[in-house]
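Asker: Produce the entire structure from the sequences given, and follow the hints as far as they go.
Respectively, the protein sequence lines represent chains V and W.
Okay, so the first sequence: first residue is 579 according to our numbering, each after it adds one.
Okay, so the second sequence: first residue is -18 according to our numbering, each after it adds one.
Keep in mind the hints are simulated off the structure, nothing from the lab.
We put the CB at the ideal spot given by N, CA and C, even for glycine.
Incorrect hints may appear among the rest.
[Unchecked claim] Restricting the straight-line Cα-Cα distance to at most 30 Å, the calculated cross-link-like pairs of lysine-lysine (DSS-like) are:
no.: 1; chain 1: V; residue 1: Lys734; chain 2: W; residue 2: Lys(-16)
no.: 2; chain 1: W; residue 1: Lys(-4); chain 2: V; residue 2: Lys708
no.: 3; chain 1: V; residue 1: Lys722; chain 2: W; residue 2: Lys(-16)
no.: 4; chain 1: W; residue 1: Lys38; chain 2: V; residue 2: Lys722
no.: 5; chain 1: W; residue 1: Lys(-4); chain 2: V; residue 2: Lys704
[Unchecked claim] Stretch by stretch, here's where chain W covers chain V in the computed footprint (C-beta under 8 Å, at least three residues):
no.: 6; segment: 614 to 622
no.: 7; segment: 716 to 726
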Amino acid sequence: MKTNLYNYILELADNCLIAGQRLGELCGHGPSLETDIACTNISLDLFGQTRSYFQYAADIKGGDATEDSIAFLRYEREYKNVLLVEQPNRDFAYTVARQYLFDVFHLLLLEKLQFSQDMTLSAIAKKSIKEVSYHVRFSGDWIKRLGDGTEESHEKMQAAIDGLWQYTNELFEVTEEAKALAEEGMGIDVSTIKDAYYQNVTLLFEEATLNVPESKYFQKGGKSGIHTEHMGYLLADMQYMQRAYPNMNW
Amino acid sequence: MEKNWPLWEIFVRSKNGLEHRHFGSLHAADAEMALENARDVYTRRSEGVSIWVVESKNITASNPENNGEMFEPAQDKIYRHPTFYTLPDEIKHM
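Answerer: Encoded structure:
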């Protein structure tokens, strides 16, 4: 089995899966009918992308691995998503800020991944770029609305950004797998998109009259499976059906 | 401050060459948000190529009580009705 490639696909896909799961929690609970539908649409886009990655990963793994077993039957330490995307929906500002901080990274990553030498990864990236361009637009617009809105919305948005900022640096941590695959032209060295990321984010925050946090203290661990305390609860929710009724289908 | 967002009417052109058709209404804080919401609510499955949004309060509607004088022309003046033409089959949206 191509272990590097398999692990690298999980690194890409788990971010989409967990970000999608968090947004999906808002289904039926969004602040308005329209934003509820918008968040759930984005969640479904991310699940669609996750499925493409996991189908590819299941092929590589062989045996009886399927997209479902990879999504639902791993243990917490085996998930490679960054800590950012597993953070809970404390309020709508948090949800939007988390999504925006991920979306900007996601789009920059896909814009590079579309030129991967791996034809499947390149095809998934090309297909996803259109969707993710809309995600950035949606979450970015909400950052501006709340940041440059009322005093209360500004305060809440600033609090969300201050709270989530410590998780941004991990996005650019280069794992062994990614490094090896980047050398073969198949993966992306994410440290190369770090400057563009912080430039984009800073510009939008300025427009939204928000402060860019100055803290240099950053959390990491997600990419090697060391998650925050929120992850276990998220997985319990997400995996419940497959654990309680193994192999169940719709 | 008004707690609810204003109502917007959404018009979607389903393909080039057709006119915009009323799809429904939704709430949004301003026109930009109305466009994004319309995209999410109505056009996610390639239902359209263009969206118009109009705030509902800007629409002047006819009063149903006046339907008689507005919509029921004298049926005996048949020359008012273009019923003597045969439409070629190729013209689909007439």
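Asker: Among all the numbered hints in the text so far, which are the ones the structure does not match?
Answerer: As far as the earlier hints go, not one is violated by this structure.
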